[in-house]
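Q: As a plain string of letters, each chain reads:
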Amino acid sequence: KAGVTQTPRYLIKTRGQQVTLSCSPISGHRSVSWYQQTPGQGLQFLFEYFSETQRNKGNFPGRFSGRQFSNSRSEMNVSTLELGDSALYLCASSLGTHSERADTQYFGPGTRLTVL
Amino acid sequence: QQPVQSPQAVILREGEDAVINCSSSKALYSVHWYRQKHGEAPVFLMILLKGGEQKGHDKISASFNEKKQQSSLYLTASQLSYSGTYFCGTESAGGTSYGKLTFGQGTILTVHP
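As you go down the protein sequences, you meet chains A and B in turn. If you're matching positions, the first sequence starts at -12 in the numbering used here and goes up one per residue. If you're matching positions, the second sequence starts at 16 in the numbering used here and goes up one per residue.
One or more hints might be untrue.
[What the hints assert, rightly or not] For each label pair, taking beta carbons as the anchor points, the in silico distance ranges come out as:
{"no.": "1", "chain 1": "A", "residue 1": "T67", "chain 2": "B", "residue 2": "K52", "range": "31 to 37 Å"}
{"no.": "2", "chain 1": "A", "residue 1": "K44", "chain 2": "B", "residue 2": "H127", "range": "38 to 44 Å"}
{"no.": "3", "chain 1": "B", "residue 1": "D32", "chain 2": "A", "residue 2": "T67", "range": "48 to 54 Å"}
{"no.": "4", "chain 1": "B", "residue 1": "S76", "chain 2": "A", "residue 2": "R54", "range": "35 to 41 Å"}
I should point out that these hints are in silico values taken from the structure, not numbers from a laboratory. The structure presented is a predicted model; accordingly, all values stated were derived computationally and were not measured. Note that beta-carbon positions come from the ideal geometry of N, C-alpha and C, so glycine has one too.
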């Protein structure tokens, strides 16, 4: 099976712009979680989608949003970029079989976002 | 609240053993272990559910002490390929998690020939 894919792999944007990142989960996986990874804060949970519905959200401002499509592919959007948004954005896919629990998550290679 | 990993870094020679600990102040339902090499995605190693189960995979094993809310990752007879940053991701026992893991700050493991 193909793994989790994320596009683009690298992005350079300027402050105030917006960006959209894409994640295609492993075939058959219906849950997609997004994380932000920075040297200072580590891996932080952004949100999780299952069957096109956001089921969980981390402590990030409303500038961070996401969505999931019927084929389980997911996108996240960051509007009005700030310098502090520079990070590696990782998505993780899982089967989503457990209704309330975190299944085993498989990470994609990430999108490296640099905000100038 | 973020789990605490110890040690922050460890340096080994090939063939030596190491233990990485992950402690939480919250009651846990599960602990997920990952290894991340520089510039790559975190790779899943194993998951432990509450109940104190110990799991093993080749020369890497882990345990989960439910009473202490602590998990330990054991790497035996280390190989060069074990080098990387190890993360524990925890899932709280109460409420619903819905895909949310809370990760520790990571332990940098370096194996030298």
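Q: If a hint holds in the structure, say so; if it doesn't, say that too.
A: Hints, verified against the model:
In this structure, T67 (chain A) and K52 (chain B) meet the distance hint of 31 to 37 Å, their C-beta atoms being roughly 33 Å apart. Against the hinted window of 38 to 44 Å, the Cβ-Cβ separation of K44 (chain A) and H127 (chain B) comes to about 42 Å, which satisfies the hint. For the pair D32 (chain B) and T67 (chain A), the supplied restraint of 48 to 54 Å holds, since their beta-carbon distance comes to about 49 Å. At about 39 Å, the CB distance of S76 (chain B) to R54 (chain A) agrees with the hint of 35 to 41 Å.
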